[in-house]
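The listed protein sequences correspond, in order, to chains X and H.
Take 1 as the starting number for the first sequence in this note's numbering and just add one per residue.
Take 962 as the starting number for the second sequence in this note's numbering and just add one per residue.
Just so you know, these hints were derived from the structure itself, not from any lab.
Mixed in with the good hints, there may be bad ones.
Coverage of chain H stretches by chain X, computed from C-beta distances (three or more under 8 Å per stretch; other residues unrestricted) [what the hints assert, rightly or not]:
hint	segment
1	1132-1140
2	1146-1160
Result set (DSS-like, lysine-lysine): computed pairs, CA atoms no more than 27 Å apart in a straight line [said to hold, decoys possible]:
hint	chain 1	residue 1	chain 2	residue 2
3	X	599	H	1001
4	X	580	H	1183
5	H	1001	H	977
6	X	599	H	1000
7	X	510	X	557
8	H	1014	H	1042
9	H	1103	X	599
10	X	599	H	1106
11	H	1142	H	1183
12	X	516	X	580
13	X	610	H	1103
14	X	92	X	153
15	H	1000	H	1042
16	H	1118	X	610
Beta-carbon label-pair distances, calculated as ranges [what the hints assert, rightly or not]:
hint	chain 1	residue 1	chain 2	residue 2	range
17	X	520	H	1219	49 to 57 Å
18	H	1177	X	520	44 to 52 Å
19	H	1177	X	525	38 to 46 Å
20	X	622	H	1200	28 to 36 Å
21	H	1219	X	518	55 to 63 Å
22	X	620	H	1177	27 to 35 Å
23	H	1144	X	620	56 to 64 Å
24	H	1144	X	578	40 to 48 Å
25	H	1225	X	601	39 to 47 Å
26	X	601	H	1012	44 to 52 Å
27	H	1012	X	578	47 to 55 Å
28	X	620	H	1051	35 to 43 Å
29	X	543	H	1177	49 to 57 Å
Because the structure is a prediction, the values reported are computed rather than measured.
Quick reminder that beta carbons are idealized off the backbone N, C-alpha and C, glycines included.
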Amino acid sequence: MDEEEYLHRFGTPLEPLEKDEVPAKKPLMIEDQIVKDENGKRRFHGAFTGGFSAGFWNTVGSLEGWTPQNFKSSRGEKASKVQQRPEDFMDKEDLGEFGIAPQGIRTRDEFAKESEQEQRTGQRKRKLMQPEVTGPIPGVPVLEQLLRPVRDKVAVRILKSMGWKPGQGVGPRQTRKEKRLATTRNQREKYLLEHYGAEGLPNNDKSRNSECDDDENEENEEEDEEITFAPDDYEPAFYTPKDNRFGMSYSGLSRAPVLSKASDISGAPMQHINLFGQLEMAAKQKQLSIRGQAFGVGAFEEEDDDIYARDDMTRYDFSLADKQPKQKKTQHVQQRHVIDGFCEDKRNTTHTKPFAIDLPRDFQPRNWLLRRSRFTPLDAERARKLAATTEHKKAGLGRHDLNPEQRAQLLGESQAKKNPFKTGTSVSSQQERGKSLLELISSKSNNFTKGGLITTTGEEQPTTTPPPELSKELQQSNSVILEQATAKTKNLASSTPTTGFKPFLADEAKQLRYEKFLASNLQDDTEITAFLADLQPVTLSLWDREMEKKEFVQAAKIYRPLAGLMLDRFVSEVTVQAQKAQVSVQPAEQRKIAMERTKTMWKPSALLCKRYNIAEPFGGALPDAEKEPKAKSKMSIFDYLETSINTKENFQTPSIIPKHIEVSKQQKRLTPSLPPPPDKEEEQQQIKEQPGLSVEPKQAAAAVKPTFVPRTPLEHAVDAARNKPISEKVDLFKSIFDDDDEDQMDTAPAEEEQTADEKLAAMQAALGLPIAGTSAAAANVLRNTSPPRGIFAALFKPAEKQEDKPAETAPTKFAPIEGNKLKIAYKSREERLRNDKELAMAEVPAEQLYGPRLPISQPKQKTASCAEASIDAKLQQLWQQHAPSKRKTENWVERMMSSSDDSDEDSIDSSSSDGSNAKAKKSKAKRSHKKASSKKSKKSKQKSKKKSKKSDKHKKKKSKH
Amino acid sequence: MPAFLDFNCCKTIDCKQGAVRAVRYNVDGTYCMSCGSDKKVKLWNPATGLLLKTYGGHADEVTDAVGSCDSSYIVSASLDKSIIYWDVSTGTPVRRLRSHAGGVRCVCFNEDSSIAISGGRDNAVMCWDIRTRRLEPVQVMKEAKDCITTVLTNEQKIYASSLDGCVRHYDIRMGEMCCDKIGQAITYLAQTRDEQCLVAGCQDSVVRLLDCESGGLLSEYKGHQADDYHIECGILASDAHIVAGSSAGDAVIWDLLEAKVLQRIRISDNGGVVHSLATHPKRQELLFARRRDMYVFSADLQIEEQQL
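Modelling step: build the complete structure from the supplied sequences, incorporating the hints.
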């Protein structure tokens, strides 16, 4: 009964069926349901009979037949023009509720919601049925359905919802007095704006209207204060921030004709004339304002008619191309952040705030735009600097006093490379030329120059001055020039060839060493080290010496003296040619062909031999070097790649080497002196594989053995047994699939193991294999040796417990067998906990196990350790005692999500009462307990159960301890 | 040894097949073949300059051609990576053999023309059993490290010269491969009639005479220019003279023993590399290829006159 109260019912319940009442008729089938019109006539029928009934029996007539409209007109009463409406041509049904033009009272479209509109009379459907005549595509245009004209902007809609009505202003309602004050203020503002700042002011027609209203209402001043009015619809003046340097309210000249209307509406210079738009009536009432023009019409002048307006060609579009497609795009992007119905302010109104700068104290402002005369004196400091930098330029280093030869000498070019064309140096050649000239031209003329000497006598003088003398002179002059130059360039230390750059100036001794090193001009590395060893102090370490050497060499490379640098950079063409000639001569001498003959085995194919009519060498016993052409029918481009490892021969099956190769101690004990058995078969194979090599088999074995054993005995067994009948393979299968547990239980009777070993030995003997020292299973290195996990671990559990019981000293049995991880040593959880750190990797904590929980075979043991147990455990015990025993049988141990939890619990258990964690647990347990007792919800039960399980485990452990 | 007689130009044939890549005599020297850059091989009568047949079917320049011992077939090598076995009389390709991974540079027949040997830019020498319909090579030798320039064979050996500077002797009888390393890229290889020596034209403008048995260098012949061209060389029928082309538009004939230049055959005054040549198997006659022309040079005019 209580439940009834809480039930909620929706809809009207069906009348309960009474048993006696049998439904009278069968329900009408869908196909039998017929739409009928008022006359009871079938409304829709097949297309061949007209589709659907309309009109009067599908005619335009009526019961009375068709009557034409009567027309009556007289002199006194002329016939009025008859306005025909579509309804005149409609049937009655069409005007009905479900007709084409339903007639009835309903909300107008403007006031109805869109959804309502659609709902009402199924207008959509009708629309679909209406034939669309205008468009080329039949049917209602999709766009028309998708896009609905916006009637109100969002803001307006919001305002409306807040109670605003069109025509009113926005803001709190005002009393009459307040309103009047506001209007006057607004008017004044508007006036000011009109006269002095028309910038960005929209048309204020509405405010003007309100102005008129105001006059009427003036009389009723002393009205009730309680009556409040909506504020005027007044658009406040927007003061646009000034971001240019023009005068107040100045706008630049626009290209549009001065007096045209277009210019004042918007600054767009090329405005398109809308020929089809409405004529602008507003043009009549001209506003007095300062417009965008510099001169022409005075501020207080009325604008003349647009007499000079000329149709400018710039106003016309000459192409259909959209002129600002990109701008539009950017707009779209910008408007992404803008709420629907709003648009972003395009003007950049955010102003960068000028920050005050702390100028340096000695800052002197200077107008950089101010031009300075060339003749104004420079300030002293700058002049000094300039002079310093340009000094050497002024001096010219005497460069321009030198002729090319002299310069060449200065640079050391002529010394280094003799110019064959100028071998005799300039002097002698000049002399010769002079001579020939003298010979050619008649000697009568007196004042000829030769060698720069003017003959005063007038007689022809043979050139007597010997070349050495002249060159001496030249040398002298050169030396003088050199001296001058060095004197001048003394200050420019870095570039002078004599001093050179000093990279190690900081360490004088080092610099000295460096200079000496440079002077020595050594090339050989060992020589340099020897040379530097003499110079370097004893205290310098070997490494330092080496570093210094490197540094010196590097520095010498980088900071070469100028002469060397120049020599490197400029080479005369002649020398280049000479070098070329040398090169061309040299190799002929150098080339000495040393013939080398190498012989290798090569096996001609049998067919080739046949065709050559030659017996195959060695009777065709030659090893086949390449089987490729036979093996592959198709040639591949990759065959020609040198480093191809894709061929069969090159590919080696990777051998899996077990991680732990170290032989366990036990095994060592068992077979202490047994070396790994030599594999004859393997050796033979190796010999076969490398017939060309005459390596002694033993050596080869020795070389191979220590690294790794490529094949285990088992593999050999498999190999050997490959061709045997299945019946004989039983042993092999045994060795493969035999249970490893025998081996795992190391403590198992030795006899068993022996027998197994013997078996194996026998089998191997039968197969003709050397007896392996270990059992096949142990040798089966490919076996997964990791301890069992998950469900497998659980499977192994009972066996362990059985063993656990009888002997209390069991733990020694399950101590981890050192080094023999091959064998799966099974340990109790406790031990695992103990050895947690050692075997952290190989272990899987019990909490991570999942699967059906194993039955708890042991009865609970209440020992003294219980006292030590944590309180939560106690609580859980308590709970367990009272808990229903039903669900004991099968529980699921849930897998813990985090291992940290695990360890926490472990720690709690081991140390019985721990830190905050334990406390938290306690509180949790308490809470859960309370819940369980009060509400006994399922959830809490489960929780507590889990706890109890854990505690169970703990107890067990404790007992073991 | 007969005294050396100067060679004189007997005939100049405009092959009209683009640049002539190679000229070769047939087995007895009565006909000759020219391989053109227009992908065709032409068969000529060198004595009269008569064009006998044109063999077209290659997809790229023909680099070498050789006639079979009975002159009924021609094998041609082309840069289209294939060699074609032509029927001489009908002029139709009998077989087209593709296995080379690069353009084929050279080709030769064994003695009874049952095996064709080709060498290519894929560093491989391939032996083809040409008479059967087998489309794969009988044997492939891929020891060379660079392009094979010439393959030669005699009764028991196959010689392959390569740009890696080695001449490889594949001794079928012994079942061994000898690699004689010269160290210079070998552009051409010719064999003396007595099959004791090889004449190797090297890239360093030296023609070297190699001993087949010991692999020693017997002599060097200098005086021509090889530059970067694949200049061919040859040994005259008398086995006493060695001839080599030159990039300077001439050919040089040396005495085999003295390594002395006997004659510089001025083939053309206006340049053009004389890169290919062929020596007549019996007479003192030479074929040269220069640009688009083939030149026939002969020393024994009398014999010709007698023949005529």
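Against the structure, the hints:
no. : hint                          : result
1   : 1132-1140                     : holds (count 9)
2   : 1146-1160                     : violated (count 0)
3   : 599(X) to 1001(H)             : violated, 39 Å
4   : 580(X) to 1183(H)             : holds, 21 Å
5   : 1001(H) to 977(H)             : holds, 10 Å
6   : 599(X) to 1000(H)             : violated, 38 Å
7   : 510(X) to 557(X)              : holds, 17 Å
8   : 1014(H) to 1042(H)            : holds, 23 Å
9   : 1103(H) to 599(X)             : holds, 15 Å
10  : 599(X) to 1106(H)             : holds, 16 Å
11  : 1142(H) to 1183(H)            : holds, 19 Å
12  : 516(X) to 580(X)              : violated, 35 Å
13  : 610(X) to 1103(H)             : holds, 21 Å
14  : 92(X) to 153(X)               : violated, 40 Å
15  : 1000(H) to 1042(H)            : holds, 12 Å
16  : 1118(H) to 610(X)             : holds, 13 Å
17  : 520(X) to 1219(H): 49 to 57 Å : holds, 53 Å
18  : 1177(H) to 520(X): 44 to 52 Å : holds, 48 Å
19  : 1177(H) to 525(X): 38 to 46 Å : holds, 40 Å
20  : 622(X) to 1200(H): 28 to 36 Å : holds, 34 Å
21  : 1219(H) to 518(X): 55 to 63 Å : holds, 56 Å
22  : 620(X) to 1177(H): 27 to 35 Å : holds, 32 Å
23  : 1144(H) to 620(X): 56 to 64 Å : violated, 35 Å
24  : 1144(H) to 578(X): 40 to 48 Å : violated, 29 Å
25  : 1225(H) to 601(X): 39 to 47 Å : holds, 45 Å
26  : 601(X) to 1012(H): 44 to 52 Å : holds, 48 Å
27  : 1012(H) to 578(X): 47 to 55 Å : holds, 52 Å
28  : 620(X) to 1051(H): 35 to 43 Å : holds, 39 Å
29  : 543(X) to 1177(H): 49 to 57 Å : holds, 53 Å
Of the numbered hints listed earlier, those contradicted by the structure are 2, 3, 6, 12, 14, 23, 24.
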